[in-house]
Each structure stands twice: as C-alpha cells, then as structure tokens.
Amino acid sequence: MTAATVGLEIDGRAVTVPADATVLGAAQAAGIEVPTLCWHEKVAVYGGCRLCVVEVEGRAGPRLVVACGYPVAEGLRVRTRSPRVDRTRRTILELTAPLVTDDACLKGKLRRFAEEYGADAGRFAAGAVPDPTGCTLCGLCVHTCAEVVGAQAIGFAGRGMDRQVVYFPDAGCEYRSCKKCFSVCFTGKIARESAATVFPGASIREWLAAHGVAVHSLRAFMERRR
Amino acid sequence: MPRLASVADLEALRERLRTAADAGRARIAVCTGTACHAYGCEAVADAFERAVAERGLAGTLAVRRTGCHGFCERGTWVAVHPEDTCYDRVDPADAGRIVDAVAAGAVAEDLVYADPVSGARIARAADIPFYRRQQRTVLGPNRWLDPGDIEDYVRGGGYAALARVLSGMRPEEVIAAVGAAGLRGRGGAGFPTGAKWEAARRAGGAPKWVVVNCDEGDPGAYMDRSLMEGNPHAVLEGLAIGAYAVGARGGVMYVRWEYPLATRNADRAIVQAREYGLLGERVLGTDFAFDVRVHRGAGAFVSGEETAMLAAIEGRPGEPSLKYVYPAERGLHGKPTVINNVETWANVPLIVERGPTWFGSLGTARSKGTKIFSLVGKVNNTGLVEVPMGMTLRELVYDVGGGIPRGRRFKALQIGGPSGGIVGEEALDTPVDFEALTAIGAMMGSGGIVVMDDTTCVVAAVRDLVAFCHDEVCGKCVPGREGMRLLRGWMDDICAGRADASVLARVPDVTEVMREASLCALCVTATNPVQTSLRYFSAEYAAHVEGRRCPAKVCPDLLEYRISAQKCDVACTACLQNCPTEGAILGRKGTRKQIDQEKCVKCGVCIEVCPTRFTAVAKFSGEPVPKAFRTVPA
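Those protein sequences? They're chains A and B, same order as listed. My numbering puts the first residue of the first sequence at 1, with every later residue one more than the last. My numbering puts the first residue of the second sequence at 1001, with every later residue one more than the last.
Pulled out of the complex, with its shape left as it was, chain A reads as follows:
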C-alpha cells in the first residue's frame, strides 16, 4: 500500500508523492514553503491555525483547504499562492496577532509571516481579546507532550472563548529535563514564564477551582486518562 504513489500539480509543477501524503507534505517535498503555525512533523494533524490554506481545483471551482490535512489525489491541482490564499492568510494572521500583542511574543515565524503577508497586527486589536495571554492555542505543547513525550501533562480546558491550555501537575511531567513543550512554543510563552514552575496559574487544579468543580476526583480522573 505505502509503495503506491500519486502525481499531482503544485503551483504548476508536477510532483510525485506517496499516496497517503498530504498536500503540505507534497509541497514540502517539492521545496515549496507553505506557512504553518499549529502543524509539526512529529504530531498528528490538528488543523486549528488554518494558516496553511491553499487553493485546490474542485468540481464546483477552486476552493480553499488546509494543506496540512488535505489528502493528495491523482491529478490534484494545487495553488499555494493566489490573491485569495494570500488575503485569507493575511486576515488569519491579523486575527492571531491580538492574542500575542506583547511584542516579546510576536516573534519568530509569526513575525516573519506577518511581514510576508502584510498583516497589520493592530487591525483587529482594539477590543478583540480582552486579555492577551501570549498563547495562540495552537496546541503544539498539548500534542507534543501527549504524542512525543507520552506524558499528557498539558491539555485544553474550557470551550470557545474560554479555551485555554492547562497543566496537569499529577501527570508525571519532568519539565526540567524534558522541555519539549518549550521548544515547540513559537511565541515563547512557555519558556518565558516557566523559570520557577511550568504554566504558572494554569494548572488544572486552579482551572477547576475557578470553574467551581470539585478537585477531589482529579486523581481518579488522571488515572482514567492514562
């Protein structure tokens, strides 16, 4: 099965990749950069940041899909840059930026992409995020901890606007020697805040207490979670 390959066209170039590849993988194999925030080669596809949108030809005309999760197919035609793609990426970056208005956070690839796509970090800043945390909720720390480290010491809590990253202190995190989450955090929030303790103020205990949930069942919950 894995030996099978498919041929597709990316930005006018013919590319041949394994049949189970994604469009992002195919683009990378062809040396074409597609910007990503929440994607990482070592963790499963999440599809939350939406920055890797590309245009594919569909039956009803071209449409936008996220390259990180879109499976390749024989004869698929992909455009990684177009006015539509660029405009969408720019607005996504402008929506992401207010989460990290702290200048120290708007760095690395996020800053580079913002410059490349002409994103105005302040365009939606006014009144958008009441309290910028420096976290874009990309989930890389959560998934790295679970899938690479195998510790599941980091997770999401809350829904919608209340969504946040929380730390599970009972999960056996060896952060002083591990620090895998430090390195995947592109805003640098984890490393910057974690001199004394990881995820200050964001442990699941504090989250549960703040949401009026009894903490006594936490250990049992953690047991089940393993």
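What the hints contain is simulated information worked out from the structure, not anything from laboratory work. Where a beta carbon is used, it is the ideal one built from N, C-alpha and C, also for glycine. Please note that the accuracy of each hint is not assured.
Unchecked claim - Here are some chain A residues pointing at chain B (derived, C-beta under 7 Å):
(1) Gly48
(2) Arg50
(3) Val53
(4) Gly69
(5) Tyr70
(6) Thr88
(7) Thr91
(8) Thr96
(9) Ala121
(10) Phe124
(11) Arg159
(12) Gly160
What the hints assert, rightly or not - Here are the computed lysine-lysine pairs in the DSBU-like style, where the Cα-Cα straight-line distance is at most 30 Å:
(13) B:Lys1567 with B:Lys1553
(14) B:Lys1335 with A:Lys109
(15) B:Lys1335 with A:Lys42
(16) A:Lys42 with B:Lys1323
(17) B:Lys1567 with B:Lys1602
We have chain A; now place chain B onto it with these hints.
Quick look at chain B alone, frame taken from chain A:
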C-alpha cells in the same frame, strides 16, 4: 410477547392487532408533546382517563397520550379519532363533556377548535387552515400514535418497510431506491442521502455504523425533538433499513441531554424492538443482525457537527476535526459511518413503503419530499408544520401560519437557525428548496423559522444569534474563535451606539475569512445572519451606526423613555410604584411625572404599567421629541 421469528410473524401480529375486539374503539388522543406539557397536558390526559373510567366506557373509548400534534399555539390539543375532531386549549374540566359527546357520536360544539384568525369554530382537522395546506407524511402518525407502545406502531403499518427490505430487497436496491427518491439530508446541508449510503457501503472496514443525529440545538427549533418524542419507532425503523443497506451492525442514537422525553422514548423504543425481535441477532429470523444504543449528548451545540458528534460518542471532547475524508469512509472508531438527521431517517420507511416515485412526486426539481419546520415568532399559528418542498415562504407565513398577529406588519423571517439567514419581505416568494434558499443567502438548515414583525429590531436579533454562536463555538480554529469574538463585540457595539463606520467596513473581511477558512460548518454558516441582514436591512444598520438610533425602538442604549406632560394623570402613580430604579421617575402623587434620563435603565416597565386610558409614556430614538414630552427642568 415472544420474539417475532419471521416476516410472517410480524404480519400475523399486525392482523391480530387490527382485528382485536378493542381495535375499533374511538380514540381520544391527547397531545403530550413538550409544548403541551407546558400547558398541563398530563392533567388533561388524567381527566380523560377518569372520565372514561367513571362512565364505564373503557371498552369503546381509548385515551392515548401521543406525541406533538403540531399546533403548539393552541395546546393542550386533543384529537378524537377516527373522525379527527379537534379540541384546542383543552382544560381538565372539559374532559367529561368531550367524553360524553364522543360516546354519543356527537361533537362538543362549544369546545372544538376556534380559529384565531377568523374566530370560526372548526371541528375537523382537515378543515382547519393551519393543517389544510400541510402534508404531514412524516409527522402524521404523531396525531394518533402512542410513542410508548410498539404495538400501536405495528398496527398502523410499522416495520412493514423493514420487513419488505429484509425479505426481498438487496442492499444495493435499497440504496438505489433512496437515491432515486431524491432524499437529501434534513439536518441542513441537503447532502444526497443515497450517495452518502453508497459511499459507506463501498468503503472498506468493519464494523460499520449508523448514527441518528438528534442534537437539534437551533433556538426555537424542535422538529427532531417532536419526531423522536412522538414516533421513535419510525426513526428506529429507518435506521435499521439504513444499517441493512450499508452493512452496519451497530447504531447509535445521539440524543441531546436537554431532551429528556425524547431520550426516554428512544430508549423505550429500542427495548421494545429488541423484545419483539426487530433488533438483535437474526432480525425477523433473517441473517440481518443489528442493535442500537442511545448516547446522551452533554450539551454542546457544536456536537451536532458530524465529526464532533463522533468524537463525543467515542468519549472525547465534542470538537470538530478535519473532514476531507467523510465519516462515510472513516467515521466512528475509524470505521465507515452514516450519520443522518432524525427527520431523514424517519423518511426512509415511507420511501420503501410507498416507493421512490411517490416521494419524487413531492417537491421541486432538486428538493424532494416534505420538510418539517418549527414556525415560531410573530405569527398567529405557531407550531410544528410539515409542507411539501416548493411551498413559498409567503404561503408558510400567511396560509399555514395565519399571518402576523395583532394586525402588525411582516418585517423579517429568520430561517435555518443561527446558521441561517434573516431575509426581508422581498424574499418571501422564495420556495422551500435547498438551492433557492441558499441563493437568497439563507439556508434550509434543520428547519427553524422565526417570523419577526415591525416591532423587532433586526440588528438586535442578529446580535442575539451571533451571541448564541459566540457562546457555542468550540474555540479550536482561529477564524472561528477570533472571528466570532470580533463579531460579537461589534454587534454589541452597534446595538449600543458605540460603533462607527469603520466597524461596518471591517465586518466583511472577518465574515469572509470565517467562510473561507473555518474548520467546520458552524463558524462558516454563523456568518449568514450577519451577511443576509446587511443585505436586506442595511438601512437599519446605518441608523444604528450613523444615526445612533434604533428605528424599531428595541435597543435600550439608543432609546429614551419620556412622559407626556399633557397625558400624565396627576393622581396616578403606577410608573412611580413599578420603576425599579430609585429616583429615575421624578414627581409624586399630585404632580406630573418625568423621567430622569441619567438614571433610567430603559427597562420599559413604565410603558407597560401606564394605564391605557392615559398612555402617557412613549419611546423615542433619535426622532424629534414633541413639546409635551420634553423634560421640564424641575
């Protein structure tokens, strides 16, 4: 009851039920749907049972607690069969007289349905305007069926479609019939059901699954709820037929936690079907094995999205994931899974029984069959209606709905819930049809219709819908989460008179990125109310933004309540007594009253309590204030 071991057993049971000594009894069907529960239907049903028992009429008269009859505006609703005589707003005290009338073969003339529009008394359901234009092929059995009694369902022809499929149709033939009928998903998107089944049938992997989506969460919508409450066996029969067609062994009914009656009735239907050999190993003695369980949804709107629902059933957070590979190929536990809405499943036995040609004869070129809507808001006949596809929105509002109450003017219609559109008068001649509704910027959605009259502020209504989606998004993707956060803030600002033109200029950029790049349909379609209302009601937005006024006089921050010095009666203190804000109304008994605009919280109590013979209080929003209403300095 022994398990039915063959199709012949089922038919023998049906024959026995139909010829039983009590089969010919007249039937008093008391609607015990959710709306009628609010009216106290259980007490009404108790009263009927007592009245029948006291008169010793149990041998000739049966009292049934049924699902929703649809005419929720006029509950508690009681229908007497076989004549289908209708009594509205029935009180427990009326039960004796209705029973006496039925026993005498007569009609209690002064208690039968009184039409709110014409005032006429109309006894027969077929003559009632609300029902006359409807075609209740799916909802119809709700009017006589006891949802807790599988034998009632069998007596009326139930499980004959499943028997027919198991005894003589190959799976491919079933799918071909559903495809030929043109059935499309009733959950909102209108995906061709036959194609979905076909994909699941062809997909590799086992065991395959079939799932009922009963996570209906649109505000004001209760179509699926009423079907699941009133006729759960029809859903179950459709599900079993689908399972046979795609080769599934297991089924899940995902019913939201907030629907306790639907959950209970679904549970009971499954237990009874197992007892009768309609679920389990060797269904009706054939090689077909299939069983179902109910999964109670934990209260997340987003779990109605297919991938989120599957995650929830698997025990993970109900969050959507990428859907480039459809659940039909890789769904529950990674196996091929067909997810259909309650109403879609309930249509399946009808298509098998009456044939795809019959089904295809209803509706428009591309939208076949009937559609159930919950018709609510500012309309005379609120309730649950089922009409053939192709009926226009105008016919729905005026012919079925009986028009706008209290002589007010139609203003807007919201169709498809918070994911649908808000359209104006000019869109009323649009037919109920998937493509036609999409073309006007709305969508069929699951079938919620909210009618608004000229006392409704469309901008405030959109704000409420946006607030709903804002509270219900999962927060996983950036366009959805941050886009909804912005839209919510902007809509609040517009309603509060805090927004300037630059806000309206930025709205399209945000709605565009949400439509283009959101992870799932929730945040793609959450932009529909904003986009359609900007198209149909741009002047109302402009009034809020440029004029800082609310033409419908609804948005509190843009209102002033004022008291006319000419009309205010010095002896009256109604407003003073009821105003919740200390010192907001100036004056006392013996003087004319005035409102201190600084202290007024715009609750509107004064306007409600001011006696109608004075009507001295009025709302103003930007228009010139007549001299009598101007506050005189104290």
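Exercise for review: Please flag the earlier hints that this structure goes against, numbers listed from lowest up.
Suggested key: Violated: hints 9 and 14.
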